[in-house]
Structures are given as C-alpha cells and as structure tokens.
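Visitor: Protein sequence lines correspond, in order, to chains R and G.
If you're matching positions, the first sequence starts at 1 in my numbering and goes up one per residue.
If you're matching positions, the second sequence starts at 1001 in my numbering and goes up one per residue.
Honestly, the hints are just simulated from the structure, not real lab data.
Check the hints yourself; a few may be wrong.
Restricting the straight-line Cα-Cα distance to at most 27 Å, the calculated cross-link-like pairs of lysine-lysine (DSSO-like) are [to be verified]:
1. G:Lys1084 x R:Lys58
2. G:Lys1084 x R:Lys66
3. R:Lys59 x G:Lys1084
4. R:Lys58 x R:Lys6
5. R:Lys59 x R:Lys6
6. R:Lys66 x R:Lys6
As a plain string of letters, each chain reads:
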Amino acid sequence: MIPMSKIVRTITNILYVFIIGFGFYVIIHGHLTPGGGFQGGAVVASAFALLAVAYGRKKIVSMLNKEHLSVAEISGLLAFICLAFLGLGTVFFFNFLAVGRSIPVFSNTPAGINPGDLNTAGILPLMNIAVGVEVLSALGVVILTMFLGFKEGK
Amino acid sequence: MNKYVAAIALIIVFIFMFLTATYMHPFGEPENQDMDQYMIENAQNETGANNVVTSVVFDYRGYDTLGEATVLFTAVMGVLVVYKKTRKGGE
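Here chain G stands alone, though its shape is the one from the complex:
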C-alpha cells in the first residue's frame, strides 16, 4: 500500500517538475531586464569599481551587507554565550 502511494506521489511530483521545466525562460533572457542593464552600463561610471558585483554588494545594496555583517556579529555572540562557563568547575 505504502509503495503505491509513494509511487503515485513521485509521478505527480515528476509531472509538475517536467511541466515547470518546459515553461522555463531561455537561458540568459530574464523577463525584467531594466535593473540588470542599468547596473551593467552605469556601475563603472557611478561607483568607479571595475567589479560590478562589489559595487552592487557594497553600494547599491549596501543596506543588505550591513544586515549580513550584523548577522555574523550575532552568530559570534551566540557562540560565545553557548561556550561560556557558568559555574566554577562546570562547563
């Protein structure tokens, strides 16, 4: 019984995946290209960086990077709290 249920579920999932794969866009042609084109054309002029990825990460999306750095800081604080000795002789 379980085998049949698993097989039917697998077939349904496969059909959905296959249909989704047939509807996919061609590679390299996303639907909305305005933002990408703007960054590729103007990043070097506006930020002066050769590396467009860095100019996106630290300039256009700098707020996101601030969040990432804060997440790392919070993770380190968590590690320090977990490994803190609370009692004499305890761990």
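The shape of chain R in the complex, shown without the other chains:
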C-alpha cells in the first residue's frame, strides 16, 4: 500500500505517541481504573495500525520488527505463567504478594473509598503488565503480517 498524504502523516506523527502513552496508562493502572492488560494492549496495537496505514509498507518495515514483536509476545505469556507458578506454594494463581504482605512490593492495603494507590494489589499489576505486553505484540504481529501480506497496488 502506498503511504497516505502529508497531512495524514503529520497528524500521525503527533498522535501516535499519545495513543501509545494512553495504552500503557491503561495497562499500568489496570488494578485501579477500568481497563487492564487486554484493553491497553489493544489500544497500543491500534497505534501500530495507524502507523502502518499512514506510512505504507516500505517505511513500516523499518519501524516495527516482526521478530522482536514475536519475542515480546512469547515472553509476555511466559511471564504470566511464571507469575502464576510462583504462588504454587499455596495454589496456582495465589496472590502471594498481597496476602502475607511480607514482601514490600505492591503490598499496601486500601481501605474503603480511596483515591487509588499504585502500590497495591500484589501480583495483579505485574500480571496486567505481562498480559499487556503479550496482547500488544500479538496484535502487532497480526497487523504487520496481514498488512505486508497484501500485494502492492498497481
């Protein structure tokens, strides 16, 4: 596909940083606000789609590397499964950081109605980040593969 007009490319240059930033905000604040790993990953992947549509196939190959995205996808899934296995002292998917609160990582206890504290919820933020990385790179791989799979328009 040929790149779109200069107007679209200029607006894309301004916007895609904000879209990616918002996606990571949704991922990291998954235990406080609506959203989470899946939703934030989809938002970041939509920024990839915007870049692909605006810049065309020649430049997108130099911007996004499919191999790197594949590696990130697999490591996200592996991190999720490893986090689940870490609680195996009690049960699979045991929230070991939040229950005993012996390790001071994400271990604060919110009570009642509160404005929100990032340093809470045990392994939920870590799992959100793992799933977010997996989803954004998985959807990025799908977008890139399907985008580069089309023949050049003549």
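Place chain G on chain R using the hints.
Guide: Frame of chain R, contents of chain G only:
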C-alpha cells in the same frame, strides 16, 4: 404457503419470547447472590485492588485469563501459518 408457515413460526417464537420475558427476575436481583456479595465485600481486603473486576479476572478467575492469553497466542500462530510463503515466488 411459505408465507403462512413463516407467519405461524414467527407467532410461536414471539409467544415463547413474551412468556420468557414475563417470567424474568427483577433487574438487579439474581437468584444466587452469595458469590457476588462475597466478592464485593472481600475483594478489596483479599487482593488489595480497588478494581473488583480486575481482581476477579486476574485473581479469583486467573485460570480463565490464562486460557484467554493462550487462545490469543494460538490465533497469532494460525495467522502466521496462513500467511507463510510455502514456495519461492508463490504466496
């Protein structure tokens, strides 16, 4: 002929839907509330998350989320296999 059959089928389906709608529970009062009440009351204490939905998705029902992530992984593998070039010059 076909028109009559369709009309009768439509009326029967409508009657069943209408009867089902009259038997529905009032909104916000499900029959079994124990699990919902337990999660609403204890999720913040047990997981420490303000967002009860996230604590259900990643903690109480974490196994389900593992399945979802695996489904996404399998879908990506399927896309990669379908778009793979099998021959030189082929697609």
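Visitor: Is the hinted pair Lys1084 (chain G) and Lys58 (chain R) satisfied, with a Cα-Cα distance of at most 27 Å?
Guide: holds, 19 Å
Visitor: If you draw a straight line from the CA of Lys1084 (chain G) to the CA of Lys66 (chain R), is it 27 Å or shorter?
Guide: holds, 13 Å
Visitor: Check the hint pairing Lys58 (chain R) with Lys6 (chain R) against an upper bound of 27 Å on the C-alpha distance.
Guide: With a Cα-Cα distance of about 16 Å, the restraint between Lys58 (chain R) and Lys6 (chain R) holds, given a limit of 27 Å.
Visitor: Does Lys1084 (chain G) sit within 27 Å of Lys59 (chain R), going by the straight-line distance between their CA atoms?
Guide: Satisfied, since the Cα-Cα distance of roughly 21 Å is no more than 27 Å.
Visitor: Decide if the proposed pair is consistent with the structure: Lys59 (chain R) and Lys6 (chain R), CA atoms, cutoff 27 Å inclusive.
Guide: This hinted pair holds, its Cα atoms lying about 14 Å apart.
Visitor: Mind checking the alpha carbons of Lys66 (chain R) and Lys6 (chain R) for me, to see if they're no more than 27 Å apart?
Guide: Distance ~26 Å between Lys66 (chain R) and Lys6 (chain R) Cα, so the pair holds.
Checked against the numbered hints given earlier, the structure satisfies every one of them.
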